[in-house]
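Protein chains in written order, with my numbering: chain P, 331 to 462; chain A, 331 to 462; chain L, 331 to 462; chain C, 331 to 462; chain X, 331 to 462; chain U, 331 to 462.
Calculated directly from the structure, the hints in this document are not laboratory data. Ideal Cβ positions, reconstructed from N, Cα and C, are used throughout, including at glycine. There's no promise every hint is true.
As the list claims (entries may be wrong) - Partial selection, computed: residues in chain X whose CB lies under 8 Å from chain C:
#, residue
1, 335
2, 344
3, 372
4, 373
5, 376
6, 409
7, 410
8, 462
Unchecked claim - Dumping the calculated EDC-like pairs for lysine to aspartate or glutamate here, alpha-carbon to alpha-carbon at most 16 Å:
#, chain 1, residue 1, chain 2, residue 2
9, L, 424, L, 339
10, U, 425, X, 392
11, A, 425, P, 392
12, L, 425, C, 392
Take a look at the letters that make up each chain.
Number of protein chains: 6
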Amino acid sequence: MMATLGLIEYEDASSEVRAVYDDIMSTRKTDWINNFWKAIAHDPATLRRTWESVKQVMAPGELDPLVKELIYVAVSATTGCEYCIASHTAGARKKGMTDGMFAELMAVVGMANETNRLAKGYQVEVDEAFRV
Amino acid sequence: MMATLGLIEYEDASSEVRAVYDDIMSTRKTDWINNFWKAIAHDPATLRRTWESVKQVMAPGELDPLVKELIYVAVSATTGCEYCIASHTAGARKKGMTDGMFAELMAVVGMANETNRLAKGYQVEVDEAFRV
Amino acid sequence: MMATLGLIEYEDASSEVRAVYDDIMSTRKTDWINNFWKAIAHDPATLRRTWESVKQVMAPGELDPLVKELIYVAVSATTGCEYCIASHTAGARKKGMTDGMFAELMAVVGMANETNRLAKGYQVEVDEAFRV
Amino acid sequence: MMATLGLIEYEDASSEVRAVYDDIMSTRKTDWINNFWKAIAHDPATLRRTWESVKQVMAPGELDPLVKELIYVAVSATTGCEYCIASHTAGARKKGMTDGMFAELMAVVGMANETNRLAKGYQVEVDEAFRV
Amino acid sequence: MMATLGLIEYEDASSEVRAVYDDIMSTRKTDWINNFWKAIAHDPATLRRTWESVKQVMAPGELDPLVKELIYVAVSATTGCEYCIASHTAGARKKGMTDGMFAELMAVVGMANETNRLAKGYQVEVDEAFRV
Amino acid sequence: MMATLGLIEYEDASSEVRAVYDDIMSTRKTDWINNFWKAIAHDPATLRRTWESVKQVMAPGELDPLVKELIYVAVSATTGCEYCIASHTAGARKKGMTDGMFAELMAVVGMANETNRLAKGYQVEVDEAFRV
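With the hints as extra help, turn the sequences into a complete structure.
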């Protein structure tokens, strides 16, 4: 197996799961499903809910889809999720991320993680000007 | 005090520290220094190194400065650094972040943190197609 | 090797370490020791202290042992410890966790990680009604 | 204000937001809305999606609602979200969590966070028996 | 209150709890108990286990007690536990930490958090020479 | 490849990158470059900045270099960065870390992560005596 409950392939999927797989492939204009969805497909409610949420959240809005992918990679590098780093780096590339953009993204993620700990460790209080 | 070692105000700062404060204010086109820098100013080497790094990393490049601020906020919300959330949200606003952009940013950060744990918890292996 | 200091097998263990191994096997009604204990056995004080603590904490109380294993998996998925996810998922199964329970557990862990960041990122203050 | 974008009270809410507030109050059998929802209500799509997801995930299933609240608290204590610790501890109490259950929950959360780092730091490989 | 279950003062404590408080005060050569212990004293088993563990772990060994306190602060700044940063910074000072040592500690903690994310984000594989 | 953008070997490196590689090898008195630097070398500015920062931060000061390496390992075990745990454990060994010191380091890291969550979960307020 390649996941706790195994992976559900299209040919073995229920019609409920297939409907989500179909929507993933048509939305992403691709002909395959990556392991993440096949792993959570054991729980069709979570599969559907997660996909509908990702689709809604990653759609073009005031932020463009590439920026949203960059943010996804930033979070994944910060929490240390290898799967998510790999899949969203690939996703960002597909949406136009260059090597230079990736390098800048990582530089910002690194600095943010550094100064986050300096601010915490030095016990810095929020300035009056920044208070909501 | 408002930080472990206290805050160093401009009028009490050494010329070495003042030089960094001056560069922060002129680079940011502002006339004040926020607490973070005043807190780490007790260690002038860290003050200078951190500021030079932040200045380099956040400068316009292939990613524009607003996108970089959004990434900074994404990391800070993920690690839970209140100071950094407050200061970089203010910074992003100054660079043009609207309420709608902030809301979309948060929605992506939330989803990424959710799916990061699903991928980890379900022990999903990286697809061959995503391997570097 | 399979750990920084290597693994200490039963036949190579001191009597002090064997005593802990014996207690682990008899408490868990099993005839083998998993790598975690063999890795920290290089430090018999930590081995004993950690095992005694785990035994005390995971024993039946007001919460039943299965619920405690679910909580262990929830923490491990959140911090991203692959070893701990794998071992405690196995432990939970042994105590009765079904596939459906695992899926519900993951769904809650995912949502909690999502709303944790929304609450942080939106800088939401604790309601008076929730204050201790 | 008490949140980045402020809090939206019921009387100032759009009918779309009110519909969600009404559903929260009727589902939870309460007559008030806590700050979290009022803060994210600036983004009605996120408000609705998050509420529908929480409602689905926290509903009775193979795990009972109290166990789900305990898991929520475990995640929140691990990531360090004060708002979430406070609100979900209150939620767990309402569903029957005793002081003794809370203490056991915390003991497990503490041990899991400890052994997670021992497993990582000692670079322990997953036992063959635990592999998926 | 100042904690979920409130704080248990010495005069209100059971003899079991008092015995731990007495040992804390005599071990630390102090005449007061900080809030952390008073908060977990609602669970005497956790109080005793945690104190015995901390006492054992923080005792002089191959690493001296000041170095151990510095490590404690490093972890606390990384996870973002305000209580722990404040109490262990005070503890480190009592054991001889100077302002200069604190500043160097923070600089290392910051850099480590930065390079941790660069290594994760760039998906760097462990060199053969570093493998256990 | 062994990293998102691949690894840049010395013979393929620009003179700018080689200058950093040369300084790494001469500072560390070694004749090879580990993967981390080869991975970030795709971004010469980040390579130089990160190396200059690490060199400055890890140099002898009020804390000796071994203590600084221990702190680096403590952070890496806490965030769960496998690469960083492996490389800095090797670095600490080179600077004199014994097996006993490693074991004590891990014991402190484990306890700190445990009590960090107890303090958060029990919502313990900072004692007046610890406030900055």
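Do the hints match the structure? See the list:
1. 335: With a minimum Cβ separation of about 6 Å from chain C (threshold 8 Å), the hint on residue 335 (chain X) holds.
2. 344: Interface hint status for residue 344 (chain X): violated (15 Å vs cutoff 8 Å).
3. 372: Holds, because the Cβ-Cβ distance from residue 372 (chain X) to chain C comes to roughly 6 Å (cut-off 8 Å).
4. 373: holds, 4 Å
5. 376: holds, 5 Å
6. 409: This hint holds: residue 409 (chain X) lies near chain C, its Cβ roughly 6 Å from the closest one there, short of 8 Å.
7. 410: Hint holds; residue 410 (chain X) Cβ to chain C Cβ min 5 Å, cut 8 Å.
8. 462: holds, 5 Å
9. L:424 - L:339: violated, 24 Å
10. U:425 - X:392: holds, 15 Å
11. A:425 - P:392: holds, 15 Å
12. L:425 - C:392: holds, 15 Å
Hint check: violations occur at hints 2, 9; the rest are consistent with the structure.
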